[in-house]
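Student: Given next are the chains, with one letter for each unit.
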Amino acid sequence: MKFNIKKIAPQLLTLLFVILIFGFFSYNAQLNMENRGIDFGYGFLSQESSFDVQFSLIEYDGSHSYFRAYLVGLLNTILVSVIGIILATVIGVIVGIARLSSNYLIKNTAAFYVEFFRNIPLLLQIFFWYFAALRALPLPQDTESIMGVFYLTIKGLFIPAFIWENFNIFLYSIIAAVVSIAVIKNYAKRKQENEGKQLPVFLISIGLLLILPLLSFLIGGVSLSFEIPVLKKLAKTSYIYEGGVGIPPELIALTLALSLYTATFIAECVRAGIQGVGKGQKEAAASIGLNPNQILKLVVMPQALRIIIPPTTNQYLNLTKNSSLAAAIAYPDLVLVFAGTALMQTGKAIEIVSITMLTYLSLSLSISVLMNWYNKKIAIKEK
Amino acid sequence: MNNINFLKPDKSNLNLFLILGLSLVFISIFDVFLSSFFKINATGFLPTSISFLLPLIIGFIGLHFIRVEYSGIRRLDEINKNFNNNNFNAVLSLLIIFIIIKSIPPVLSWTVIDANISGNSKEACTGDGACWTYIKVWLRRFIYGLYPNEEQWRINLSFISLLALGSVGYFATEKFKKYLTLYYVVIYPIIAFLFIFFFISGGPVFFDFSYGIIASVVAIIIGFFVPNKFKLYYFCFVPLAVYLSLNLFILPEEYVELGKLEGLNWVETGAWGGLALTFIVSFFCLIFCFPVGMALALGRRSELPFIKYTSVVFIEFWRGVPLITVLFMSSVMFPMFLPEDFFLDKLVRVIIAISLFEAAYVAEVIRGGLQALPRGQYDAAKSLGMGYWKMHIFVILPQALKLVIPGIANTFLALVKDTPLILVVGLLEIAGMLQMAKTNPKWLGYSMEGYVFAAVVFWIICYAMSKYSYNLEEKYKTER
Numbered sequence: 000m001k002f003n004i005k006k007i008a009p010q011l012l013t014l015l016f017v018i019l020i021f022g023f024f025s026y027n028a029q030l031n032m033e034n035r036g037i038d039f040g041y042g043f044l045s046q047e048s049s050f051d052v053q054f055s056l057i058e059y060d061g062s063h064s065y066f067r068a069y070l071v072g073l074l075n076t077i078l079v080s081v082i083g084i085i086l087a088t089v090i091g092v093i094v095g096i097a098r099l100s101s102n103y104l105i106k107n108t109a110a111f112y113v114e115f116f117r118n119i120p121l122l123l124q125i126f127f128w129y130f131a132a133l134r135a136l137p138l139p140q141d142t143e144s145i146m147g148v149f150y151l152t153i154k155g156l157f158i159p160a161f162i163w164e165n166f167n168i169f170l171y172s173i174i175a176a177v178v179s180i181a182v183i184k185n186y187a188k189r190k191q192e193n194e195g196k197q198l199p200v201f202l203i204s205i206g207l208l209l210i211l212p213l214l215s216f217l218i219g220g221v222s223l224s225f226e227i228p229v230l231k232k233l234a235k236t237s238y239i240y241e242g243g244v245g246i247p248p249e250l251i252a253l254t255l256a257l258s259l260y261t262a263t264f265i266a267e268c269v270r271a272g273i274q275g276v277g278k279g280q281k282e283a284a285a286s287i288g289l290n291p292n293q294i295l296k297l298v299v300m301p302q303a304l305r306i307i308i309p310p311t312t313n314q315y316l317n318l319t320k321n322s323s324l325a326a327a328i329a330y331p332d333l334v335l336v337f338a339g340t341a342l343m344q345t346g347k348a349i350e351i352v353s354i355t356m357l358t359y360l361s362l363s364l365s366i367s368v369l370m371n372w373y374n375k376k377i378a379i380k381e382k
Numbered sequence: 000m001n002n003i004n005f006l007k008p009d010k011s012n013l014n015l016f017l018i019l020g021l022s023l024v025f026i027s028i029f030d031v032f033l034s035s036f037f038k039i040n041a042t043g044f045l046p047t048s049i050s051f052l053l054p055l056i057i058g059f060i061g062l063h064f065i066r067v068e069y070s071g072i073r074r075l076d077e078i079n080k081n082f083n084n085n086n087f088n089a090v091l092s093l094l095i096i097f098i099i100i101k102s103i104p105p106v107l108s109w110t111v112i113d114a115n116i117s118g119n120s121k122e123a124c125t126g127d128g129a130c131w132t133y134i135k136v137w138l139r140r141f142i143y144g145l146y147p148n149e150e151q152w153r154i155n156l157s158f159i160s161l162l163a164l165g166s167v168g169y170f171a172t173e174k175f176k177k178y179l180t181l182y183y184v185v186i187y188p189i190i191a192f193l194f195i196f197f198f199i200s201g202g203p204v205f206f207d208f209s210y211g212i213i214a215s216v217v218a219i220i221i222g223f224f225v226p227n228k229f230k231l232y233y234f235c236f237v238p239l240a241v242y243l244s245l246n247l248f249i250l251p252e253e254y255v256e257l258g259k260l261e262g263l264n265w266v267e268t269g270a271w272g273g274l275a276l277t278f279i280v281s282f283f284c285l286i287f288c289f290p291v292g293m294a295l296a297l298g299r300r301s302e303l304p305f306i307k308y309t310s311v312v313f314i315e316f317w318r319g320v321p322l323i324t325v326l327f328m329s330s331v332m333f334p335m336f337l338p339e340d341f342f343l344d345k346l347v348r349v350i351i352a353i354s355l356f357e358a359a360y361v362a363e364v365i366r367g368g369l370q371a372l373p374r375g376q377y378d379a380a381k382s383l384g385m386g387y388w389k390m391h392i393f394v395i396l397p398q399a400l401k402l403v404i405p406g407i408a409n410t411f412l413a414l415v416k417d418t419p420l421i422l423v424v425g426l427l428e429i430a431g432m433l434q435m436a437k438t439n440p441k442w443l444g445y446s447m448e449g450y451v452f453a454a455v456v457f458w459i460i461c462y463a464m465s466k467y468s469y470n471l472e473e474k475y476k477t478e479r
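Here the protein sequences line up with chains S and D, keeping their order. With numbering that gives the first Met the number 0 as the guide, the letters of the first sequence map in order to residues 0 to 382. With numbering that gives the first Met the number 0 as the guide, the letters of the second sequence map in order to residues 0 to 479.
Since the hints were derived computationally from the structure, they do not count as laboratory data. Computed from a prediction, not measured in an experiment: that's the story for all the values here. A few of these clues could be false.
Stated by the list, open to error - The list that follows gives simulated cross-link-like pairs (lysine-lysine, DSBU-like), each with its CA atoms no further than 35 Å apart:
id, chain 1, residue 1, chain 2, residue 2
1, D, K121, D, K7
2, D, K176, D, K230
3, S, K106, D, K474
4, S, K232, D, K441
5, D, K474, S, K281
6, D, K7, S, K5
7, D, K441, D, K466
8, D, K466, S, K278
9, S, K320, D, K345
10, D, K230, D, K381
11, S, K106, S, K320
12, D, K474, S, K5
13, S, K320, D, K381
14, S, K281, D, K437
15, S, K188, S, K320
16, S, K296, S, K320
17, D, K441, S, K106
18, D, K10, S, K278
19, D, K174, D, K121
20, D, K307, D, K174
21, S, K6, D, K228
22, S, K376, D, K135
23, S, K5, D, K38
Stated by the list, open to error - To give an idea of the chain D side of the interface with chain S (calculated C-beta under 8 Å), a few residues:
id, residue
24, L162
25, F305
26, Y308
27, F316
28, V331
29, D340
30, L343
31, K345
32, P419
33, V423
34, V424
35, A436
36, K437
37, N439
38, L443
39, C461
Cβ atoms here follow ideal geometry from the backbone N, Cα and C, with glycine treated the same way.
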């Protein structure tokens with residue numbers, strides 16, 4: 000084996016550097032913790048947290064453990080990210096297509112939207128929605144309902160709650176519908192490849208999606224009723240809504256700001272993707288007799304998606320990471336609940352910050368794994 | 000006249016359709032205009048839902064009438080092509096026009112007509128519109144933060160002279176052009192650092208200079224002139240040895256405070272704030288993150304496995320976590336990792352944290368440029384007998400960096416947009432000053448004006464940056 004100093008020396012130096020830094024830090028950390036009488040460990044996670052969280056998806060109060068508080072924060076983060084991703088994708092795709100419209104007004108409105116929302120810091124947008132826009136809404140007692148069931152007040156949006164009976168049967172019916180649609184789609188594809196006959200897959204799918212859940216209502220004993228929020232007087236000037244689902248204003252402000260901001264970037268990705276498909280492709284598709292719908296579905300979109308997906312993945316990641324800005328308006332997400340309140344109470348800076356960072360890392364990694372899998376699925380299969 | 004088909008306008012009855020259509024469109028727009036500017040509801044006698052939709056319906060019919068293909072009138076054809084080429088587009092065009100007309104009066108009355116700007120207190124704001132007095136009174140705070148009023152000339156002077164020094168590149172003659180890179184990469188940051196260190200701070204903000212650090216910096220600079228043969232060994236040992244020997248053996252107690260300038264008051268970083276802090280933070284992060292990012296990008300492309308995987312882990316770690324947790328780490332966790340008597344200012348910790356964070360993004364952008372270069376460039380450079388550093392400095396990096404200008408500009412833009420976040424660790428940058436002004440009991444209830452002001456300021460900065468990067472991109476595109 001040839002001993003090459005030019006290859007070994009830089010690596011050894013880097014190794015030495017890394018070890019030195021880690022050693023220095025951990026030595027100091029140990030010393031500092033000894034001096035302040037803090038012990039390192041993750042045992043606090045099972046202790047009673049004794050703080051309350053305004054909004055949580057799972058049952059939680061002060062008597063639960065810190066780990067439960069962590070879960071509450073994590074679920075709230077995931078909730079905001081999922082809603083934000085869906086909304087941002089919808090707005091982004093619409094605006095991205097609108098930017099390519101032949102209509103001068105639509106094109107420029109879309110461009111104005113993109114340039115406007117993209118160039119203002121997200122934090123300011125969140126502040127604007129939360130402190131300025133949503134604070135201008137009326138008090139609960141002065142609110143007029145929207146269509147009799149929705150109430151948009153300064154305390155948040157109140158919507159009717161669904162009350163299910165035998166919900167799992169309904170769920171099974173949906174799953175059954177999805178599975179049978181997949182089977183039929185496969186069958187139709189094979190039939191077209193072998194015999195050249197086309198089945199009305201779309202109509203059949205819609206029918207299945209409607210009929211199976213309907214059957215579950217008629218035969219399976221599923222029933223659905225609504226619980227409409229009702230105004231209730233607590234004290235002389237204090238009113239609340241009872242029943243229904245209350246969506247806190249923090250969540251509304253955060254999802255609005257996140258999705259409007261991220262949508263601008265997604266719109267640019269969509270535009271670039273569609274523009275990236277050569278004009279010749281569309282003309283070729285038209286010349287073999289495909290109609291405009293088929294051209295979009297079978298020729299343009301499959302190619303455009305390949306360009307759109309990777310940068311859009313990045314935007315989804317950014318949205319998930321940006322959802323941590325929730326801490327600035329006190330929406331109880333992972334950062335506020337865990338890296339904020341729990342850290343203040345326990346003082347376990349190293350443990351809590353490292354757990355928070357690892358959680359975000361794994362969230363990011365799982366999104367990129369998912370999107371990489373999807374990207375690989377739609378990529379051109381060369382040879 | 001008897002063969003008019005109203006469902007299908009054609010060229011033979013052009014004038015009739017034109018007059019009918021245009022008057023309908025005009026009526027619909029005029030109706031919206033009246034109801035929006037003069038609050039006159041011309042169709043108030045109809046049921047609400049019909050009177051609400053009526054302008055849209057009338058306008059739609061009118062646009063349908065004037066949609067005559069190849070009419071022979073250039074204007075009309077242009078309108079049809081751009082606003083009115085099918086029913087769907089016609090409705091959307093009308094909707095957008097109506098929304099614009101509807102939104103002009105409230106926006107105008109809020110920002111200008113009903114707004115107040117005179118006076119110096121809340122009582123001056125009597126109108127229903129915006130209270131720009133609030134911005135006027137707080138403007139100094141929004142720009143300089145809590146920096147003492149009588150010392151603010153220091154910030155002004157620093158920024159003006161830095162701007163002047165920064166524009167040297169435009170005036171340099173051919174003779175000095177080749178030194179510009181050196182100037183911008185090495186000398187300018189040092190001057191900027193000194194300005195902020197001596198002028199804006201006036202005291203030991205960052206750290207106390209010691210002879211050891213100065214000597215080792217000098218040793219590193221000398222190192223670039225050492226013959227190639229010994230360069231590696233020189234960089235491995237000499238600077239560190241100089242630093243250690245000076246500090247430990249020769250001048251153990253001689254930490255000299257070069258930082259203090261006589262005659263200037265020390266303003267601690269807690270008082271810095273506002274737009275000035277935004278500039279300081281983004282400027283320093285910009286300077287630091289670029290070289291680190293470049294090193295990381297080269298490290299990730301390196302053939303040496305240990306260096307490669309260290310860079311990969313480093314980059315992916317920073318890219319996977321949100322900036323807010325990085326800031327939390329820098330303010331809560333990082334002090335635990337330092338020796339107890341070692342003082343590092345909060346602002347410095349934040350700048351280091353943001354720089355490392357952005358460096359990971361810069362690294363990925365530069366890596367994209369390195370990958371986009373054809374292999375032939377590397378092979379050609381190697382065949383000329385260039386070593387690793389020579390190849391990268393003279394052949395690869397100049398081309399790769401040119402390719403990634405838009406990407407880097409976007410990263411810097413993101414950096415500027417991220418700076419308001421330092422609010423969460425208690426540094427009162429412009430968004431932080433807004434939050435502070437909002438809770439001032441004398442000025443309650445003017446948050447909207449504050450956010451609009453900050454949004455306008457940031458929008459101008461970011462839009463100018465993005466347009467500039469677009470221009471740069473265009474410029475280098477034509478040169479290739």
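Student: Kindly indicate which numbered hints from before are broken by the structure, ordering the numbers from low to high.
Tutor: 1, 6, 7, 12, 13, 14, 15, 17, 19, 20, 22, 23, 24, 26, 29, 30, 31, 34, 35, 37, 38
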